[in-house]
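Visitor: Chain by chain, the residues run as shown.
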Amino acid sequence: MANLRMKVISRYIDKQTKAAPLAVFRIFFGLMMLISVIRFWANGWVNKLYIEPKFFFSYYGFEWVQPLGNYTYLLFIICGLSALAVAIGFRYRISIIVFFLSFTYIELMDKTTYLNHYYFISILSFLMIFLPAEKCFSLDAKKKSSDRVPQWSIDSIKLMLGIVYFYAGLAKLNSDWLVKAMPLKIWLPGRYDIPLLGDFLHQEWIIYAFSWSGALYDLSIPFLLLWKRTRWMAFAFVVVFHVLTRILFPIGMFPYIMIVSALIFFDLGLHERIISTFNVILSAAKNLLRIETTSRNGKRSLPMVEMTNSKSQFPHVEHFDDSRARGRIKTPQWKLTLLTIFFTIQLLLPWRYLMYPNELFWTEEGFRFSWRVMLMEKAGYANFKIVDYTNDETFYINNNDFLTHFQEKQMATQPDFILEYAHYLRDHFLAQGKEVGVYVESYVALNGRKSKPYVNPSVDLTKINESFKPKNWILPFEDEIKGI
Amino acid sequence: MRKKSLISMLIAFSLCALLIGCSDDELGQSGDNFDREAMLQNWADNIIIPGYQTYVDDLKELNSAVELFTTSPSSDNLNSLRSAWLEANLSWQAVGMFEIGKAEELTLINYTNIYPTNTTDLIETIASGNYDLTSVNRQDEQGFPAIEFLIYGIRDTDQEIIDLFLQETAEQPYKTYLNDLADRLETMAQSVLGDWQNGYRDTFVNNSGSESTSSVNKLVNDYIFYYEKHLRAGKIGIPAGVFSSEKSTGKVEGLYSGNSKELFMAGLQAMQDFFNGKSPNSNLAVEGEGLKSYLDFVNTVTEGEDLGALINVQFIAAREKAEMLSENFRTQVGNNNNLMLETYDELQKNVVNLKVDMLQSLNIRVDFVDADGD
Numbered sequence: 000m001a002n003l004r005m006k007v008i009s010r011y012i013d014k015q016t017k018a019a020p021l022a023v024f025r026i027f028f029g030l031m032m033l034i035s036v037i038r039f040w041a042n043g044w045v046n047k048l049y050i051e052p053k054f055f056f057s058y059y060g061f062e063w064v065q066p067l068g069n070y071t072y073l074l075f076i077i078c079g080l081s082a083l084a085v086a087i088g089f090r091y092r093i094s095i096i097v098f099f100l101s102f103t104y105i106e107l108m109d110k111t112t113y114l115n116h117y118y119f120i121s122i123l124s125f126l127m128i129f130l131p132a133e134k135c136f137s138l139d140a141k142k143k144s145s146d147r148v149p150q151w152s153i154d155s156i157k158l159m160l161g162i163v164y165f166y167a168g169l170a171k172l173n174s175d176w177l178v179k180a181m182p183l184k185i186w187l188p189g190r191y192d193i194p195l196l197g198d199f200l201h202q203e204w205i206i207y208a209f210s211w212s213g214a215l216y217d218l219s220i221p222f223l224l225l226w227k228r229t230r231w232m233a234f235a236f237v238v239v240f241h242v243l244t245r246i247l248f249p250i251g252m253f254p255y256i257m258i259v260s261a262l263i264f265f266d267l268g269l270h271e272r273i274i275s276t277f278n279v280i281l282s283a284a285k286n287l288l289r290i291e292t293t294s295r296n297g298k299r300s301l302p303m304v305e306m307t308n309s310k311s312q313f314p315h316v317e318h319f320d321d322s323r324a325r326g327r328i329k330t331p332q333w334k335l336t337l338l339t340i341f342f343t344i345q346l347l348l349p350w351r352y353l354m355y356p357n358e359l360f361w362t363e364e365g366f367r368f369s370w371r372v373m374l375m376e377k378a379g380y381a382n383f384k385i386v387d388y389t390n391d392e393t394f395y396i397n398n399n400d401f402l403t404h405f406q407e408k409q410m411a412t413q414p415d416f417i418l419e420y421a422h423y424l425r426d427h428f429l430a431q432g433k434e435v436g437v438y439v440e441s442y443v444a445l446n447g448r449k450s451k452p453y454v455n456p457s458v459d460l461t462k463i464n465e466s467f468k469p470k471n472w473i474l475p476f477e478d479e480i481k482g483i
Numbered sequence: 000m001r002k003k004s005l006i007s008m009l010i011a012f013s014l015c016a017l018l019i020g021c022s023d024d025e026l027g028q029s030g031d032n033f034d035r036e037a038m039l040q041n042w043a044d045n046i047i048i049p050g051y052q053t054y055v056d057d058l059k060e061l062n063s064a065v066e067l068f069t070t071s072p073s074s075d076n077l078n079s080l081r082s083a084w085l086e087a088n089l090s091w092q093a094v095g096m097f098e099i100g101k102a103e104e105l106t107l108i109n110y111t112n113i114y115p116t117n118t119t120d121l122i123e124t125i126a127s128g129n130y131d132l133t134s135v136n137r138q139d140e141q142g143f144p145a146i147e148f149l150i151y152g153i154r155d156t157d158q159e160i161i162d163l164f165l166q167e168t169a170e171q172p173y174k175t176y177l178n179d180l181a182d183r184l185e186t187m188a189q190s191v192l193g194d195w196q197n198g199y200r201d202t203f204v205n206n207s208g209s210e211s212t213s214s215v216n217k218l219v220n221d222y223i224f225y226y227e228k229h230l231r232a233g234k235i236g237i238p239a240g241v242f243s244s245e246k247s248t249g250k251v252e253g254l255y256s257g258n259s260k261e262l263f264m265a266g267l268q269a270m271q272d273f274f275n276g277k278s279p280n281s282n283l284a285v286e287g288e289g290l291k292s293y294l295d296f297v298n299t300v301t302e303g304e305d306l307g308a309l310i311n312v313q314f315i316a317a318r319e320k321a322e323m324l325s326e327n328f329r330t331q332v333g334n335n336n337n338l339m340l341e342t343y344d345e346l347q348k349n350v351v352n353l354k355v356d357m358l359q360s361l362n363i364r365v366d367f368v369d370a371d372g373d
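Chains as they are written, first to last, in numbering that gives the first Met the number 0: chain A, 0 to 483; chain B, 0 to 373.
By construction, these hints were calculated from the structure, which means they are not laboratory data. Don't take every hint at face value.
[Claimed, not checked] Distance ranges between label pairs, derived from CB positions:
1. A:Pro249 - B:Glu326: 42 to 52 angstroms
2. A:Asp387 - B:Asn337: 53 to 63 angstroms
3. B:Ser74 - A:Ile50: 35 to 45 angstroms
4. A:Ile34 - B:Asp179: 47 to 57 angstroms
5. A:Ile50 - B:Asp162: 32 to 42 angstroms
Predicted model, so just to flag it, every value in this text is computed and none were measured. Cβ coordinates follow ideal geometry from the N, Cα and C atoms, glycine included.
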């Protein structure tokens, strides 16, 4: 029995297919990332988020990752160029490693900007380090001899996407989302100015319809994409859903990234067709630019075709027989082990909140890195009181002396930010030779509830150390959000 | 079959691009669920423009009073100058919070009401006779606090002040400077009012969308910023030593005239009136569209508490506490600072109501960056 299972697994691991889907994914991923970096820069966010602030909020254990002053721009250039290199498949392995490192470094510089989809990009690019995405339609492919890749390398991306969607769906199965239609009830009416749709967005039934269908969508879409018969319909859902979210919410590039990523679920044929389209476009562009060299006998060549390294134009795409290729590419054991560990972590990490006793939405212990996307509206206010022990005087902090508005907003609702900021304030006054205690009077409003005191105001935050232990200095939520 | 699919996919993509293009352009007309445009109209036509109109009129009075006093310095003329100064300053309290459009461009507030005025620099500047009031380095040497110093605080007694202006040297630097200050206030206010009257009003009202650069978003953020920084901190908190380890009697508004309380009360009243959409020219109890009615509308959607009523209750609580303060906050801070601190606490409670609860209910964002609610 165990033997049979091993056999099935090893047969799966050895199973091969053509590399086109991975190539298409690589190209779109690289281009999307390049656009993201350019857009981020063009919006002035490099300066605003990483150069202007005086102080940056660090992830626990990554305090050493700090912005590099004006060199931060260089970091973005490196990130953008490596994304481009990934897209064209130039020195792919090195490029994707550089991209992963530079992108992740950027994200670790300040957790104020944490977004689920940035985390998604980080782990996806990590995964891509181990995938042979350069085997086809890439500059690298010229040197290689085969454009076959293991089936698992394509499936691992599907699995990752499936986890993101499914867990995001599970996270929506709670009473605020399903019963109260929160936070959409706050968000949607505010977008009344959208053409056509705007007039409906304040209507109760529409808001509930959005909430319920959002949850249903997230839970079912990976399966609908997997199944051939529902795939096109599912992809139409993907497009509509993400275009809608793009219109309704300020979530940047995420919708586009998800739309093009979903293409990975399609058959080989579509991907090869996309690559042919790329080829045609590239050749046409070359013709247009007159870069193309006319050969001696006057025949025009299509130089980009050679990038694919395919001798013929995709024969028998439909019923591609992988049997003759089987066993030729051996996936090393270390890679399999690593990916198993990677996915085990991905599957378990979102559940870590179960180890904390308090309300997840309130304390946010275990909230991040678990695909809880667009799940709550939280607003807060934190007023820091400094008690100067050297002369027993008390005064309050004007947060804008130290933080940007954006940082202040994020800080006020998340306990780890509050604690880190309190320590920063302590160090600030310590440098002035003052021995101080730092207390905070704070209020947080969650999903339309009236704001309530958040942190115990009698706790001196300088006496608390950050850890993974439950933060018992957060005041109780005094309400219940039922659900997963 | 396959080709068809590919084509339909391409069509789908171009449709998205089209849709997205539309949303970025914000072509949208306001819907009819809550009429933000009506609220913006009420703000512009019944509150902001009349407010600036009164302010400009009062500055004209101030200018004439300055001219009269500098031409013939006398006790009577000094007194009418002082009351003109107070009148104009009180009208300013009603418009200071609208740092949008031309006012934002000029950073009107920084040239109008930065206190305390820097008396050392001020006297040096007057003596030099060489100054550019539009320079950012001169912000604390002009506006109401600088005029106040010149007509109340530059000498110990009224007679000495009158004598200073009477006995001016040939160049008359004090007279010139005082006239320049009054002129500058009027010029700036005229320019802001003129801008509202010549086009900005429509720009403001038509920008009724919900994106971060929309009028509602911007003005509400300005309003809360003014409440926190200028009303709560500037007028009460900073003098009372809330943000420093000691109190600063020298940082009160109306330091030389002793009108701190009157100015504060006018500011507080204006902030509450704006919240309720109430026009300063209206004696009607009926209030127009404003944050209060907007909150009332949203509350019916979110089934929340009556936040609008709560905020009004808190405004009243702050005013009741402030009624107990002395006319001059310098005396108050010196004699019984606790009352100042208690007033501060009452004001502070509304910061939470406005900044946390109101912003959440109205879904107004503090800043524009990608954020997906986590």
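Visitor: It remains to establish, for every hint, whether it holds in the given structure.
Guide: Against the structure, the hints:
Restraint check, Pro249 (chain A) to Glu326 (chain B): a C-beta distance of roughly 48 angstroms satisfies the suggested window 42 to 52 angstroms. Distance hint check for Asp387 (chain A) and Asn337 (chain B): the Cβ-Cβ separation is about 19 angstroms, which falls outside the suggested range of 53 to 63 angstroms. Separation of Ser74 (chain B) from Ile50 (chain A) is about 58 angstroms and departs from the stated range, judged on CB atoms against 35 to 45 angstroms. Between Ile34 (chain A) and Asp179 (chain B), the C-beta spacing of about 53 angstroms keeps the proposed range 47 to 57 angstroms intact.
Under the hint 32 to 42 angstroms, the C-beta atoms of Ile50 (chain A) and Asp162 (chain B), about 55 angstroms apart, miss the expected range.
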